[in-house]
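Q: Since the structure of chain A is already known, use the hints to place chain B on it.
Single-letter residue listing:
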Amino acid sequence: MIELDAVTKIYTKGFFRRQNTIAVNNVSLRVKKGKSLGLVGESGSGKTTLGRIALWLTVPTSGTVMFDGMDLGALSRSALRQIRPRMQIVFQDPDTSLDPRMTVRECIAEPMKIWNLIKKPHEQEDRILELFDLVGLQPDLVGRYPFEISGGQKQRVALARVLALDPEFIVADEPTAALDLSVQAQVLSLIKSVQKKTNLTLLFISHDLQVIGQMSDTVSVMHKGAIVEQGTTRDVLETPKDPYTKKLVAAAYESETWLGKERHQASSKVQ
Amino acid sequence: MELIRIDGLYVAFSTRSETVRAVDTVDLAINEGDTISLIGESGCGKTVTGMAIMGLLPTNARITGTIRYGDQDLLSAPDSTLQRIRGKEIAMISQNSANALNPVMTVGDQIAEPLLIHHLLPAPEARQEAVRLLSALGFDEPERAREQYPHEFSGGMRERILIALALICNPGLIIADEPTSGLDAQVKSQILQLIKKQIDGNRTLFLITHDMGTAHFLCTRTAVMYAGEIVEIGQTHDLLSLPMHPYTQGLLASLPSAGLHPIPGVSPSPAHLPGGCRFCTRCPASMDRCRREHPALIDAKGRQVRCFRYD
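Protein sequences appear in the order of chains A and B.
Following our numbering, the numbering of the first sequence begins with 497 at its first residue and continues without gaps.
Following our numbering, the numbering of the second sequence begins with 4 at its first residue and continues without gaps.
Extracted from the complex, chain A is given alone in its bound form (with noise of 0.2 Å):
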């Protein structure tokens, strides 16, 4: 579905002298439609550039992306905008992310109305509340600001919004980084319902290695800028083989090994 090869960016800074930042260095990556891989890194390691990349609003400075089979880079800007709405992101930060001015009917009929989807009046409104079903939103927020609602009914907003193009592929850019622990579940568990629903092909990012193992078939693991490890989830998280995963994997497990330990305690005594 989508195809990264050898894709490098390079930002340059200063005119005089010159300063190269290395973003993603020689990154090769591909997702199958249907499936989900999880891009994990710390922050800086390029990650959110990756996945700009992927979809093509970060035009890298070398390599290509195929997206089901067409090179985006090879493609005119009006091709190029004809498959929009096919590739969709979920950003970090709702708050940022929605329009303050729009209400949440607005904000989930703006992509509609841009790509003409809407031909009556009252199909809008069945298509919106439709999105509110599959995202679990309560049907009275429609007429709601964004600043009305909370962080977990915002993220499932920005969610319904991008839902609305039905997308084939989308690049979620740690969507929950923002959230509470039980809204963080909640969203993670919808995204991945709505994903085998409508058999999303979905890049996931985030720099929670657990969460990661919830959400995705395959990982990759990014250090400054280069993929260092590659594979299934469960391979790589149980058997890490880069020093620089185990290293991950490590920290990730250490803060909650007691959570296991306990459990397993705590069940032995049941019994």
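It is worth saying that the hints were derived from the structure and are not from the lab.
Where a beta carbon is used, it is the ideal one built from N, C-alpha and C, also for glycine.
Please note that a few of the clues may not be correct.
27 Å max Cα-Cα, derived DSSO-like pairs, lysine-lysine [stated by the list, open to error]: (1) LYS528/A - LYS692/A; (2) LYS742/A - LYS616/A; (3) LYS742/A - LYS200/B; (4) LYS743/A - LYS91/B; (5) LYS743/A - LYS200/B; (6) LYS91/B - LYS199/B; (7) LYS720/A - LYS531/A; (8) LYS199/B - LYS742/A; (9) LYS529/A - LYS743/A.
Only some residues are given here: those of chain B computed to face chain A with a beta carbon under 10 Å [to be verified]: (10) HIS213; (11) ALA256; (12) PRO259.
A: Structure of chain B alone, referenced to chain A:
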């Protein structure tokens, strides 16, 4: 020995149309040398509780109850008393290192400032003390760091600066409000180890967090807060391994490592709290009684829990 005793703390904020009950009748005793954490989700009232101890609530807050500290009540003490205590005896590691520091003051001056305000050391010695502390907190070039501004540091280093600010006057009680939010797993683990080392044995820690791993690492006791109330309090280890309150159970099941099983529904708005148990609309085990009566915090199996199932 009892260091702080919070009795019936109630904090409300009034807007034109409604009253928001942020903290509702919280009782909590903190002994000297305790490490206690208050966990809960955003809006549950945990930060407001910390701010009440520091006397830092905004002027539109309506506060009742008492917070005994020594022979004073921090809630009714005059500003001059609070100013003498704040920073010197009770200090805070505030959340969000990007906004908590003064952007136009060098790091060294900021860290030395509390020493000067409380007249603990003359300026040259205060500066030396700041450098010594920076070095102890992991700055390789403390002399250079002293002259730098907050924006020149990463999030993890800024967090260390906030810790230095809290420790500089050698306070007995530290209130840490989400000290590791926004940090990567590795940096987070470094900062937690640093805090643990600084607290160990000779200080009291009151930690505010939403992260159960952090609570488990730093604190022997934990209180779980939901919709302004404490719903469960006990030894951290016991509480997290065998949670009793349905909300605590739900929180643990929401962890990615436990398989991401969400609690249905959303927390009630603190302006429109349900009449009976505040968790009853989301609780898988709710009974008729839960909708009619409001449960009290009762003793059960060596801890306290606010649930009729243990009545």
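Q: Going back to the hint list, which numbers does this structure go against?
A: 2, 4 and 9
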